[in-house]
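*Asks:* Residues per chain are reported as follows:
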Amino acid sequence: MNGKPVLRVDRLVAGYEPGLPIVNGASLTLRAGEIVAILGPNGAGKSTLIKAIAGLVATPSGQIWLNGTDLRPLPAHKRTALGLGFVPQTENVFTRLSILDNLKLAAGILPAAGRAAAIDDVLSLFPDLAARPALLAGRLSGGQRQMLAVARALVVKPRILMLDEPSAGLSPRLVLEVFAQLGRIRAQGITILLVEQNVKAALALADRGIVLVGGRERHEGRSADLLGDPGLGALFLGGDAVRETGS
Amino acid sequence: MSEAILSYGSFFLTTALAYAILCLGLNLQWGKTGLFNVGVAGFVGVGAYVSAILTTPWSSAHLGGFGLFWPLGWLAGAAATALMSLLVGALTLRLRQDYLAITTFGFAVAIQLVLLNLQPLTGGPFGIGFIPRPFESLADRPLLFGLGNLAIVATLVLVLYLALQNLSRSPWGRVLRAIREDETAALALGKNAARYRLQAFALGGGLMGLGGAIQAHFTGFIAPNNYLPNLTFQVWTMLIIGGSGSNRGAILGALFVWALWAATGGAITAFVPAELQARASALQIAAIGLGLCLVLLLRPGGLFGLRRHAARG
Amino acid sequence: MSLQFLADGLLAGLLIGLGAIGVTLTYAMLRFANFAHGEMMSFGAYVAWSASFLLSALAGTAWPAMGPFSITAAVLLGGLAAMILTAGLALLLDRLLFRHLAGRGEAITLVIASFGASMALRSLIEFAFSSSPLYFSSDLQIAVRLGMGIRVTPDQLALIGLTLCLLLAIHLLVTRTQAGRAMRAVAENPTLAAVVGLDVRRVVGLTWVMGGALAAAAGTMAGILVQIRPNMGFDFLLPLFSAAILGGIGSIPGAILGGIVIGLAEAACVQFVGAEWRAAVAFLILVLLLLLRPRGFFGEAA
Ligand SMILES: Nc1ncnc2c1ncn2[C@@H]1O[C@H](COP(=O)(O)OP(=O)(O)OP(=O)(O)O)[C@@H](O)[C@H]1O
Ligand SMILES: [Mg+2]
Chain A
1 MNGKPVLRVD RLVAGYEPGL PIVNGASLTL RAGEIVAILG PNGAGKSTLI
51 KAIAGLVATP SGQIWLNGTD LRPLPAHKRT ALGLGFVPQT ENVFTRLSIL
101 DNLKLAAGIL PAAGRAAAID DVLSLFPDLA ARPALLAGRL SGGQRQMLAV
151 ARALVVKPRI LMLDEPSAGL SPRLVLEVFA QLGRIRAQGI TILLVEQNVK
201 AALALADRGI VLVGGRERHE GRSADLLGDP GLGALFLGGD AVRETGS
Chain B
1 MSEAILSYGS FFLTTALAYA ILCLGLNLQW GKTGLFNVGV AGFVGVGAYV
51 SAILTTPWSS AHLGGFGLFW PLGWLAGAAA TALMSLLVGA LTLRLRQDYL
101 AITTFGFAVA IQLVLLNLQP LTGGPFGIGF IPRPFESLAD RPLLFGLGNL
151 AIVATLVLVL YLALQNLSRS PWGRVLRAIR EDETAALALG KNAARYRLQA
201 FALGGGLMGL GGAIQAHFTG FIAPNNYLPN LTFQVWTMLI IGGSGSNRGA
251 ILGALFVWAL WAATGGAITA FVPAELQARA SALQIAAIGL GLCLVLLLRP
301 GGLFGLRRHA ARG
Chain C
1 MSLQFLADGL LAGLLIGLGA IGVTLTYAML RFANFAHGEM MSFGAYVAWS
51 ASFLLSALAG TAWPAMGPFS ITAAVLLGGL AAMILTAGLA LLLDRLLFRH
101 LAGRGEAITL VIASFGASMA LRSLIEFAFS SSPLYFSSDL QIAVRLGMGI
151 RVTPDQLALI GLTLCLLLAI HLLVTRTQAG RAMRAVAENP TLAAVVGLDV
201 RRVVGLTWVM GGALAAAAGT MAGILVQIRP NMGFDFLLPL FSAAILGGIG
251 SIPGAILGGI VIGLAEAACV QFVGAEWRAA VAFLILVLLL LLRPRGFFGE
301 AA
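In order, the protein sequence lines correspond to chains A, B and C.
Just so we're aligned, residue 1 is where the first sequence starts under my numbering, counting upward by one.
Just so we're aligned, residue 1 is where the second sequence starts under my numbering, counting upward by one.
Just so we're aligned, residue 1 is where the third sequence starts under my numbering, counting upward by one.
Don't take each hint at face value.
[What the hints assert, rightly or not] Capping the alpha-carbon separation at 25 Å, the derived lysine to any residue pairs in SDA-like fashion look like this:
{"id": "1", "chain 1": "A", "residue 1": "K78", "chain 2": "C", "residue 2": "T191"}
{"id": "2", "chain 1": "A", "residue 1": "K78", "chain 2": "C", "residue 2": "G149"}
{"id": "3", "chain 1": "A", "residue 1": "K78", "chain 2": "C", "residue 2": "R202"}
{"id": "4", "chain 1": "A", "residue 1": "K78", "chain 2": "C", "residue 2": "R95"}
{"id": "5", "chain 1": "A", "residue 1": "K78", "chain 2": "A", "residue 2": "P18"}
{"id": "6", "chain 1": "A", "residue 1": "K157", "chain 2": "C", "residue 2": "V200"}
{"id": "7", "chain 1": "A", "residue 1": "K157", "chain 2": "A", "residue 2": "S124"}
{"id": "8", "chain 1": "A", "residue 1": "K104", "chain 2": "C", "residue 2": "L6"}
Bear in mind the hints are in silico, worked out from the structure with no lab data behind them.
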């Protein structure tokens with residue numbers, strides 16, 4: 001895991017209303033090819049952090065660098081074009097478009113000549129989707145939707161893939177399947193930033209974990225070390241107690 | 001000469017203050033509670049017609065002959081409109097904001113059709129005349145007549161203003177503010193929030209009905225064409241320009257816009273050749289529409305800076 | 001019983017549907033009901049009339065009618081000009097007004113602003129053309145009997161044909177092209193659309209162009225069918241909104257179906273109840289709809 005840093009977030013502040021920061025000075029670095037999990041109690045600001053990186057939440061201060069490009073002034077769609085993929089937790093597919101149209105839509109930012117091949121490539125990873133390309137995405141089950149959302153993000157071959165709780169609401173078997181899929185995606189050289197509630201599964205897959213509390217990272221470490229840390233369990237049970245002692 | 005000016009001034013102020021009552025009603029609904037009513041003209045029309053029907057002498061052209069004393073007509077007009085608002089509100093207040101806008105707009109269209117088409121009840125396109133005016137006996141002494149009318153309307157506006165100010169400082173008003181500004185508070189209040197909204201909507205509607213009745217008794221004649229969407233638009237412009245959310249803004253907005261309206265109208269009558277006057281009036285409306293857009297873009301709090309809180313999005 | 005209302009209602013409904021496409025898409029994308037949409041129809045009708053008038057003046061003589069139709073090539077060209085100019089007007093409104101207010105996040109002030117814009121546009125049209133009605137043609141059309149008591153004029157048939165062609169074009173545009181997919185995507189979920197890499201502002205602009213052009217086409221055809229008045233678009237507003245809500249906000253096929261339902265109901269009202277109540281029909285349907293199915297019948301509102 002000694003790849004070059006690809007994404008660097010520095011003392012980022014983000015929130016939904018002026019003067020009410022939800023993410024409050026968070027920093028992190030992603031290196032090429034690694035999988036990093038962001039963990040933390042409910043309401044810690046995990047989703048807000050990756051939405052801010054994706055360009056969906058206002059960031060009054062701090063920095064976001066992607067391969068040397070300052071992302072902060074760029075709107076969300078330009079960040080996507082620079083290779084930042086994002087799979088939101090909910091409403092992450094267009095239910096009124098077919099599976100194929102969802103993928104074609106995403107492929108629109110590629111040069112016209114490469115689109116069909118890119119879609120074929122990604123469909124070969126997801127046989128369930130490839131079987132019924134004309135089906136409306138609104139008719140897919142929760143697991144299949146999640147697959148489509150990931151496939152949609154992969155069509156454009158992002159450098160970094162960010163996922164917000166990809167295992168939420170899925171059966172244990174599907175969770176395993178999703179995480180196995182993420183392993184294969186990493187094997188293709190895509191760096192992954194993952195927000196998860198499912199701490200065990202996430203750390204089993206991730207190289208490193210970052211624990212976010214009150215909008216700022218509070219622990220950071222290799223997955224194995226975090227798993228062995230007795231303080232971590234307490235953190236999730238008593239998020240408020242931790243917040244009191246914190247900063 | 002000065003008497004003519006004074007009597008014109010009181011005529012002008014009376015008209016403007018009648019609009020101020022409509023604005024106060026809209027401010028209660030929109031400014032204070034965030035209820036988006038685009039059917040103001042319909043509510044004003046209901047108040048005007050109810051009061052007119054109850055107070056006019058018998059006529060074969062429309063329902064009538066009750067000959068009530070005019071203050072009773074005003075009260076009945078306000079009450080009937082409040083009741084109507086209660087019904088409309090019960091149907092629509094649980095809808096999303098923009099659906100409420102469309103439904104109230106449709107309500108006003110429907111009311112206008114009823115006024116136009118139910119001839120035995122409303123007199124149809126010919127409207128209702130001979131509506132008793134306060135101080136009718138003074139009609140041949142324009143100054144006294146005008147001042148008398150002005151005194152009535154000005155007193156009413158003052159009373160309503162004080163009552164509304166008190167209301168918005170009362171616990172009831174504080175709940176309204178909480179509902180308007182904070183979805184979670186509204187949700188926590190649940191069913192009660194809906195009741196508060198409905199009360200504000202009905203009360204605001206009642207004020208519009210009262211304003212309509214006053215206008216009717218001031219001009220002595222009404223017809224369905226008085227209650228076209230243009231009226232709704234005028235009242236909205238007054239409130240936005242005055243600064244929605246503020247009762248003082250509502251009154252100032254009404255005075256200010258009516259002054260502009262009357263001045264440009266007067267200029268058109270004086271300077272534009274007769275055959276072009278219809279067109280010039282169209283330009284007058286266009287200018288007001290443009291003015292509304294400009295205020296929204298450049299001074300969303302109104303011209304007078306009276307509004308403390310931004311209107312809810 | 002004559003089934004005349006079916007023919008009249010179908011055509012009126014198709015025109016309502018054409019207009020409602022713009023309403024439903026901008027509603028879904030910007031979350032506001034555009035009260036100025038009716039004026040785009042009127043504006044289009046007046047542009048088409050002016051352009052065809054100009055073309056006739058340039059030719060020095062009236063253009064020959066095409067076959068049994070009163071519609072001349074000049075009117076068709078005028079309609080085309082109307083679509084282009086109205087698309088421009090829609091873009092202009094977006095740039096100058098709606099975009100700024102939308103940026104502030106107060107969706108409902110957009111509605112007030114559109115109300116002001118509607119009033120201003122309507123009055124400007126009245127200023128320029130006065131309130132007396134205009135006609136594309138003074139020719140009398142001889143109606144053809146279709147059986148079951150239905151009579152239609154050649155113009156009505158031509159307009160139904162034209163509308164169906166337009167609808168087919170829209171269908172192809174929306175389902176087969178990237179631009180169409182982008183519009184449907186932004187209508188469903190603008191945030192996700194940005195995540196997917198769409199420039200939402202551009203797509204919204206594109207939608208204004210399409211909505212404006214279709215409104216102009218509908219307005220022109222309504223003008224051919226009846227007459228052109230400054231108020232014509234404003235009178236269409238309630239039917240447009242009802243059709244959009246009936247069809248489910250954001251759904252194009254829904255808007256068309258909703259338009260046809262409203263058109264048929266209005267025509268039935270005219271035939272069986274009386275023309276004077278026509279304007280209330282859309283309101284009644286709307287109220288029933290909001291009471292029974294606040295999310296629309298044919299589609300699912302966001
Ligand atoms: N759209 C929004 N507008 C305003 N506040 C929001 C919004 N979304 C989230 N918040 C607030 O931001 C805080 C952090 O939310 P966020 O979703 O980032 O937490 P999280 O760590 O992802 O929690 P969870 O584990 O529940 O997903 C919460 O207090 C929440 O109420
Ligand atoms: Mg979250």
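*Asks:* Which numbered conditions among the earlier hints are violated in the structure presented, ordered from lowest to highest?
*Replies:* 2, 8
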